[in-house]
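Asks: Residues per chain, in single letters:
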Amino acid sequence: MAWWRRKKQQLETQTPEEKVSVPKGVWSKCEACGEITYTEELIANLRVCPVCGHHAPMPTAERIEAMLDEGTWEEHDTDLRSGDPLSFADQKPYSQRLEKALRTAGPRDAFRSGVGTMAGVPVSVGFFAFEFMGGSMGSVVGEKVTCVFERALELHRPAVVFSASGGARMQEGVLSLMQMAKTSAARGRLRAAGLPYISVVLHPTTGGVAASFATLGDLIIAEPKALVGFAGPRVIMQTIGQELPKGFQRAEFLLEHGMVDRIVSRLEMREQLGLMLQLLGTKPKTDQPAAQ
Amino acid sequence: MSTKVLEFERPIVELEGKIKELKHLSGGSREMAQEIERLEEKARQLQKERFASLTPWEQVQLAKHPDRPYTLDYIGEITTDFMELRGDRAFADDPAIVGGLCRFDGRTVMIIGHQKGRNTKENLYRNFGMARPEGYRKAQRLMRLAEQFGHPILCFIDTAGAYPGLGAEERGQSEAIASSLELLARLTVPTISVVIGEGGSGGALAIGLTDRILMLEHAVYSVISPRGCASILWKDPEAEQTAAAQLKMTSHDLQSLGICDEIIPEAVGGAHRGLTSTAAALAEALRKHIDELCALDADALVAQRYEKYRRIGHLERE
Ligand SMILES: [Zn+2]
Numbered sequence: 002m003a004w005w006r007r008k009k010q011q012l013e014t015q016t017p018e019e020k021v022s023v024p025k026g027v028w029s030k031c032e033a034c035g036e037i038t039y040t041e042e043l044i045a046n047l048r049v050c051p052v053c054g055h056h057a058p059m060p061t062a063e064r065i066e067a068m069l070d071e072g073t074w075e076e077h078d079t080d081l082r083s084g085d086p087l088s089f090a091d092q093k094p095y096s097q098r099l100e101k102a103l104r105t106a107g108p109r110d111a112f113r114s115g116v117g118t119m120a121g122v123p124v125s126v127g128f129f130a131f132e133f134m135g136g137s138m139g140s141v142v143g144e145k146v147t148c149v150f151e152r153a154l155e156l157h158r159p160a161v162v163f164s165a166s167g168g169a170r171m172q173e174g175v176l177s178l179m180q181m182a183k184t185s186a187a188r189g190r191l192r193a194a195g196l197p198y199i200s201v202v203l204h205p206t207t208g209g210v211a212a213s214f215a216t217l218g219d220l221i222i223a224e225p226k227a228l229v230g231f232a233g234p235r236v237i238m239q240t241i242g243q244e245l246p247k248g249f250q251r252a253e254f255l256l257e258h259g260m261v262d263r264i265v266s267r268l269e270m271r272e273q274l275g276l277m278l279q280l281l282g283t284k285p286k287t288d289q290p291a292a293q
Numbered sequence: 027m028s029t030k031v032l033e034f035e036r037p038i039v040e041l042e043g044k045i046k047e048l049k050h051l052s053g054g055s056r057e058m059a060q061e062i063e064r065l066e067e068k069a070r071q072l073q074k075e076r077f078a079s080l081t082p083w084e085q086v087q088l089a090k091h092p093d094r095p096y097t098l099d100y101i102g103e104i105t106t107d108f109m110e111l112r113g114d115r116a117f118a119d120d121p122a123i124v125g126g127l128c129r130f131d132g133r134t135v136m137i138i139g140h141q142k143g144r145n146t147k148e149n150l151y152r153n154f155g156m157a158r159p160e161g162y163r164k165a166q167r168l169m170r171l172a173e174q175f176g177h178p179i180l181c182f183i184d185t186a187g188a189y190p191g192l193g194a195e196e197r198g199q200s201e202a203i204a205s206s207l208e209l210l211a212r213l214t215v216p217t218i219s220v221v222i223g224e225g226g227s228g229g230a231l232a233i234g235l236t237d238r239i240l241m242l243e244h245a246v247y248s249v250i251s252p253r254g255c256a257s258i259l260w261k262d263p264e265a266e267q268t269a270a271a272q273l274k275m276t277s278h279d280l281q282s283l284g285i286c287d288e289i290i291p292e293a294v295g296g297a298h299r300g301l302t303s304t305a306a307a308l309a310e311a312l313r314k315h316i317d318e319l320c321a322l323d324a325d326a327l328v329a330q331r332y333e334k335y336r337r338i339g340h341l342e343r344e
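Chains as they are written, first to last, in our numbering: chain P, 2 to 293; chain R, 27 to 344.
If you are wondering where the hints come from, they were derived from the structure by calculation, not from laboratory data. Just so you know, even glycine gets a beta-carbon here, dropped at the ideal spot from N, CA and C. Every clue listed holds true.
DMTMM-like, lysine to aspartate or glutamate: derived pairs with alpha carbons at most 25 Å apart: (1) LYS261(R) / GLU100(P); (2) LYS101(P) / GLU342(R); (3) LYS284(P) / GLU151(P); (4) LYS101(P) / GLU344(R); (5) LYS247(P) / GLU196(R); (6) LYS261(R) / ASP91(P); (7) LYS286(P) / ASP325(R); (8) LYS286(P) / GLU333(R); (9) LYS90(R) / ASP91(P); (10) LYS261(R) / GLU244(P); (11) LYS93(P) / GLU344(R); (12) LYS93(P) / GLU266(R); (13) LYS314(R) / ASP99(R); (14) LYS93(P) / GLU264(R); (15) LYS101(P) / ASP262(R); (16) LYS284(P) / ASP325(R); (17) LYS226(P) / GLU196(R); (18) LYS101(P) / GLU76(P); (19) LYS101(P) / ASP80(P); (20) LYS314(R) / GLU243(R); (21) LYS261(R) / ASP85(P); (22) LYS68(R) / GLU42(R); (23) LYS93(P) / GLU342(R); (24) LYS314(R) / ASP131(R); (25) LYS314(R) / ASP325(R); (26) LYS93(P) / ASP262(R).
Estimated spans, in silico, between C-beta atoms of each pair: (27) GLY43(R) / GLY242(P): 32 to 42 Å; (28) PRO263(R) / GLU32(P): 27 to 37 Å; (29) GLY193(R) / GLU76(P): 38 to 48 Å.
Please model the entire structure based on the sequences and the hints provided.
Replies: What follows is the structure in structure tokens.
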């Protein structure tokens with residue numbers, strides 16, 4: 002887990018949110034090749050290193066703007082907030098962690114859902130917000146993901162979910178675990194209705210999110226080098242007591258092992274997804290609801 | 027049978043040892059018989075009181091007790107003609123999950139469950155009940171088979187979690203669990219899961235998205251192991267006792283959270299101290315739930331199941 006904290010801190014010391022707030026002259030160093038780029042330019046390039054193509058973490062607001070056709074994003078389910086059903090406290094109470102995330106992260110929970118068009122194709126769409134408690138899935142996230150699938154059914158259009166998550170939100174205990182069940186069931190209704198669902202897996206996607214709707218896409222698309230797996234690398238290393246092979250659980254490894262359809266650069270993602278959706282098409286709407 | 031005695035079991039085990047000794051010495055004397063009876067009553071009381079006030083951590087230990095009955099033990103007690111079916115038809119057979127057809131209460135049912143080993147050799151074979159993708163894919167195959175022939179499905183949950191290994195990741199552990207969930211959600215036959223010991227995270231839920239969720243009294247069900255939770259949130263695995271309490275993972279917790287539909291009482295002192303009576307209570311509950319679910323048609327069954335999970339979660343609105 003340490004690696005994403007590090008990245009997150011780096012982001013926070015720069016400007017975490019909107020591109021307008023980036024002062025001129027602030028620069029970023031590429032983690033992969035060390036290239037120094039003006040942050041403004043990097044953001045304009047969707048935070049993809051112009052030299053080596055490394056995909057740096059991207060704030061959710063920027064991703065939404067980049068993935069949907071201009072002016073088509075309409076956010077839904079914005080009134081949902083996490084509670085503290087277990088009165089959970091570790092070193093800090095969950096309620097305080099939530100408050101802090103609400104104050105600093107930008108998004109109001111670890112998922113944003115809505116509708117828009119993608120290269121001209123209307124979609125019901127959702128984005129994990131990794132900057133909010135590591136994209137962890139609690140009741141609110143599970144509800145919003147479910148809403149993405151149910152809204153796709155209602156509007157008879159495809160669903161697209163961009164996942165980046167450390168897994169279930171432990172502070173909501175077994176209620177978080179059960180969000181895997183709820184979201185997977187909702188995904189199943191879409192399949193029964195003959196509507197496409199594309200799962201885009203971002204860096205990193207592990208645990209309960211990986212082991213539910215994120216690996217249930219009709220198509221599964223990964224960003225380059227995204228780490229996707231059930232168990233995190235640290236847990237696996239502890240279990241087997243040896244170092245992991247280079248590139249283990251990365252997008253390229255997943256492609257080789259048959260777990261994803263394609264690896265797509267962020268710079269081409271919107272156009273590619275639009276094309277895939279057009280090629281897939283949707284079954285015509287029947288009078289009878291597809292699921293009871 | 028006892029291979030391990032937990033600290034809170036010790037006074038009872040010692041008392042029982044004394045009773046056994048007395049029985050051996052008594053040689054049928056009437057006075058001694060009375061004394062033995064008195065002590066036996068005392069042991070029962072002691073156990074009852076102690077087990078009525080177990081801490082969450084003690085519950086966790088009990089759920090993982092090495093003498094605790096496993097899936098095959100219950101199958102042996104409550105079913106006949108168990109016909110084990112093996113293999114995922116793609117890669118391997120995973121002995122961490124067992125499954126097969128059998129007769130229960132006059133019906134054919136499919137039973138699928140995690141299976142732990144009783145000793146080191148068995149545990150190596152069963153991988154401590156931690157399934158790999160092929161285990162979940164075998165489970166899916168057996169679920170489809172049951173659906174094809176219209177038989178109810180019973181799932182016995184008892185795992186620390188899905189196995190986090192290299193091969194498991196290479197073969198798509200995530201996808202195996204996810205597709206089990208989607209399949210369970212749309213099955214047209216009645217499904218019931220029972221947490222008989224450890225309900226460990228996604229590896230447990232993968233056979234647990236069912237019409238009814240039952241728990242044995244001393245079973246636990248959690249999103250993460252207390253130790254895993256403690257090392258992440260407390261940065262100290264030794265905080266596992268605190269984590270166990272915070273995670274609200276006992277059968278009574280799960281019932282108050284609206285997840286567990288019924289708690290099955292165990293023999294006093296835990297299922298491992300009375301398999302027959304625990305299994306009988308389990309059989310009785312299963313009979314009732316199967317009867318109720320078999321009365322529903324397939325559409326109603328699937329719709330109710332969807333609603334059951336659709337409702338789960340704690341939401342606030344701004
Ligand atoms: Zn670079």
